[in-house]
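> In case you want the letters, here they are:
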Amino acid sequence: MDLFPLVNSLRVAIISTALTFLIGIWAAHGVTRLPIWLKGVLDSVLTLPLVLPPTVVGFFLLKTISPKAPLGAFFLQAFDIKLTMVWYSAVFATTIVSFPLMYRTARGSFEQLDPAWEACAQTMGLRKRFIFWRIKLPNCKAGLLAGTVLAFARALGEYGATTMVTGYIPGRTATIATTVYQLWREGNDGLALQWVMIDLVISLAVLVAINLLELRGGAARARSEA
Amino acid sequence: MRKALAFMLVVVLLSSIGTAGAEDASKIEIVVFAAASMTEALQRIAGQYQAVAPNVTLTFNFDSSGTLQTQIEEGAYADVFISASQKQMDALDASAGIDKNPDAQDFLLQGSRFDLLTNTVVLIVPEGSDKGITSFADAGTDKVDLIALGNSDVPVGQYAQEIFAFLGFWDQLNTAGKVTFASNVKEVLSQVAQAAVDCGVVYVSDAATGTGITVAANAPAGSHKPVNYPAAVLSNTMQPEAARAFLYYLKGEEATGVFTEIGFAIPQR
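So the sequence lines, in the order shown, correspond to chains A and B. The numbers in my numbering rise by one with no breaks, and the one at position 68 of the first sequence is 82. The numbers in my numbering rise by one with no breaks, and the one at position 44 of the second sequence is 176.
Since the hints were made in silico from the structure, they are not lab data. There's no promise every hint is true.
[What the hints assert, rightly or not] Pairs of lysine-lysine, BS3-like flavour, derived with a Cα cap of 27 Å:
1. A/LYS96 x A/LYS155
2. B/LYS219 x A/LYS82
3. B/LYS263 x A/LYS77
4. B/LYS318 x B/LYS383
5. A/LYS82 x B/LYS310
6. B/LYS318 x A/LYS77
7. A/LYS96 x B/LYS310
8. B/LYS310 x A/LYS77
9. B/LYS219 x B/LYS318
10. A/LYS82 x B/LYS383
11. A/LYS82 x B/LYS357
12. B/LYS275 x A/LYS77
13. B/LYS318 x B/LYS263
14. A/LYS155 x A/LYS53
15. A/LYS96 x B/LYS275
16. B/LYS383 x B/LYS357
17. B/LYS219 x B/LYS383
18. B/LYS357 x A/LYS96
19. A/LYS96 x B/LYS318
[Stated by the list, open to error] These stretches of chain B come out as covered by chain A in the derived footprint (C-beta under 8 Å, 3 or more residues):
20. 164 to 178
21. 314 to 328
In this text the structure is predicted, and so the values were computed from the model without any measurement. Beta carbons: idealized from backbone N, C-alpha and C, even for Gly.
Same shape as in the complex, but just chain A (with noise of 0.2 Å):
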């Protein structure tokens, strides 16, 4: 059985993964500290590519990066990159669509902290630069851990963007998620309810760590309230 569906959606889903968690916290904290009346729209915007249907998205997508869309006709011409039909257009789409599931956990972690540890370490002298680093972010790490393995979930199970940006090449840009459609199409359903087994194993143990990291994170803190 060739298993290039299943390395290609992993490394998908760790890059993009990876990439959201960065930009997710990096937005959560930015947005923490913006006035309020930016702070509701700026908030609605990037909590958007949850609410649509990842087909808007995707059509967004080509939308920008197509050969023959600015950014894609920009790539091609000065990079000789294509942007779409290849393994990584599939990390635009993921991206995207996982982004507000880290950025909303995120912002909710760092809203949830007691704002006077911030004016106390201010008081003491701490640039802020520590007191993100050194007293913010260990502290939101329940939070944050579990925003990482939701948005790693949702890239993982990620299908209409992926599959308008990166079509379906078998052994390059193949998906668990658009070989599953693919092989039904074509009546392989034997083939198609292997995979689907598959993906099964992984979405369920992805659910099972979260659950784990949450339930040590509440013993955690009932240690250390106790």
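Guided by the hints, dock chain B onto chain A, whose structure is given.
Below, chain B alone, put in the same frame as chain A:
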């Protein structure tokens, strides 16, 4: 404020119930499942049909013939089915024999099936393409890095596979990872128009109505089974007379004019 909103909601709900029952009894709706390649032609013909039969509303579902076949098998309601190849129609036809209809399905109104159209398979490239692709054989060379084809469930994908097998490099195309498979012919068309692929295989009728693409070559003679579009009334239609009347109209002069203008041809019947 809350009372006003609740009142408006009740009004909206009641009015929708009210209009549901007030349909004109003489209005008939014919649901047509047709191959995606017929989209533009049938939409034009629907406009003409309004004048001929004003009480008939045509509702179309355009998709790959394989998708439509699956939908019919899974219970979707349709009055008429027009496929882009015999394979999908055979699978639904009780009189097609056990090798073409292995599950012995019986979805067609016997006696209503006939061949409506034929089409030509062509190779298209993005408008302004500078890769020098001028024939199907070029797909086997370095000129083509990526080609968009329908998957084996899509008639035009089946024909493409036959053509490349005829030319001798179907297996190489696949192992080289040069093919991206699409779910219907319109997806192939849009991928070529976006220049996301170097070329694609569609019908001449799609090329005629598509934008952003140019036809590079016709399929070599004898490289694939004849492209026939069978049409039939489905057995669980609720208005067989109107369905037959529509199919009869499709065989007529006005409809034929539209079809041939777009690039279809009429088979011997």
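> Next step is simple, just say for each hint if it's right about the structure.
Against the structure, the hints come out as follows:
no., hint, verdict
1, A/LYS96 x A/LYS155, "violated, 37 Å"
2, B/LYS219 x A/LYS82, "violated, 36 Å"
3, B/LYS263 x A/LYS77, "holds, 23 Å"
4, B/LYS318 x B/LYS383, "holds, 25 Å"
5, A/LYS82 x B/LYS310, "holds, 21 Å"
6, B/LYS318 x A/LYS77, "holds, 17 Å"
7, A/LYS96 x B/LYS310, "holds, 15 Å"
8, B/LYS310 x A/LYS77, "holds, 24 Å"
9, B/LYS219 x B/LYS318, "holds, 20 Å"
10, A/LYS82 x B/LYS383, "violated, 40 Å"
11, A/LYS82 x B/LYS357, "violated, 35 Å"
12, B/LYS275 x A/LYS77, "holds, 26 Å"
13, B/LYS318 x B/LYS263, "holds, 23 Å"
14, A/LYS155 x A/LYS53, "holds, 23 Å"
15, A/LYS96 x B/LYS275, "holds, 16 Å"
16, B/LYS383 x B/LYS357, "holds, 23 Å"
17, B/LYS219 x B/LYS383, "holds, 21 Å"
18, B/LYS357 x A/LYS96, "violated, 36 Å"
19, A/LYS96 x B/LYS318, "holds, 22 Å"
20, 164 to 178, "violated (count 0)"
21, 314 to 328, "holds (count 6)"
The structure shown violates the earlier hints numbered 1, 2, 10, 11, 18 and 20.
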